[in-house]
Amino acid sequence: MNPAWVRGMVAYFRNDVDYVIGFSEIDVGNKLVTRFQSLDYLMLMISARGSTRIGRAWASSGQNQAYRRSLFDKVNGFSEIADKIQGDDSLFLQLCRNHGCTQIVFADEYECRTIARQETSWKSLFIQRWRWSGDARMMWQFNQAFFIFIMTAFLMPFLMILTFLIGIFYDYYYLTVFIKFFIIHFILEFILYFAGTRQLSKSIHLFNFITWFLIHIPYIVIMGIGSFFSNQLQWRGR
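Per the working numbering, the very first residue in the sequence shown carries number 1451; after that it's consecutive.
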């Protein structure tokens, strides 16, 4: 953590600001799993930043956020989500929004950035992300628009895999459908990646992006299915 992190985050608390979302990143490392994890987390941060800047503030990271004590007391702390292992970031953010949080901002300054924990194996990464995916399953209760967005983000990779399998085993026509889905999805994700990295002053790594994109397709489907079992996971005794 940057020694100036506290000062940097506090500087964002103008009179009308109740909640500050900070930028976190994961070291790239030398393994395929860490490269994928680093870029995947970057894409999550880019999305969180974008939604916050347009006044939606759909997601945040529990590793880098700050809010006023008065807001915490107003929503009765974590009492409403205390039984959920996922809820100290995005679910809590939605609670604050639903209780009339005045303004939520994203901290862009370099001194506000933090380094998140790196998972060094696919097993530990999947367990971590399955736990996180529980947010998506419960989001309908807190933010229906965000839930619909999450479902759309799940359906695109799901339909891609489905059309690919149907094309291989049943009708080659569906391979052309798969290719169209693939190209559209690639273009949209790359636009998001390109714009986000530029705005955050990060370097563009095309090879890492392509690797992430290919793994990301089945990964999203697995995470979507795994979200239904996230409540069976334990975390810090919960």
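Careful, some of the hints might be misleading.
Below, a list of computed lysine-lysine pairs in the DSBU-like style, where the Cα atoms sit at most 35 Å apart [unchecked claim]:
no., residue 1, residue 2
1, Lys1652, Lys1630
2, Lys1652, Lys1481
3, Lys1524, Lys1573
4, Lys1630, Lys1524
What the hints contain is simulated information worked out from the structure, not anything from laboratory work.
We went through each hint and held it up to the structure:
1. Only pairs whose Cα atoms come within 35 Å are accepted, and Lys1652 paired with Lys1630 is accepted, the gap being roughly 30 Å.
2. This hinted pair checks out: Lys1652 and Lys1481 have alpha carbons roughly 20 Å apart, not beyond 35 Å.
3. Restraint check: the Cα-Cα separation between Lys1524 and Lys1573 comes to about 39 Å, which exceeds 35 Å; the hinted pair is violated.
4. Pair hint Lys1630 plus Lys1524 does not hold up; C-alpha atoms about 48 Å apart against a cutoff of 35 Å.
In the structure shown, a violation is registered for the earlier hints numbered 3, 4, in ascending order.
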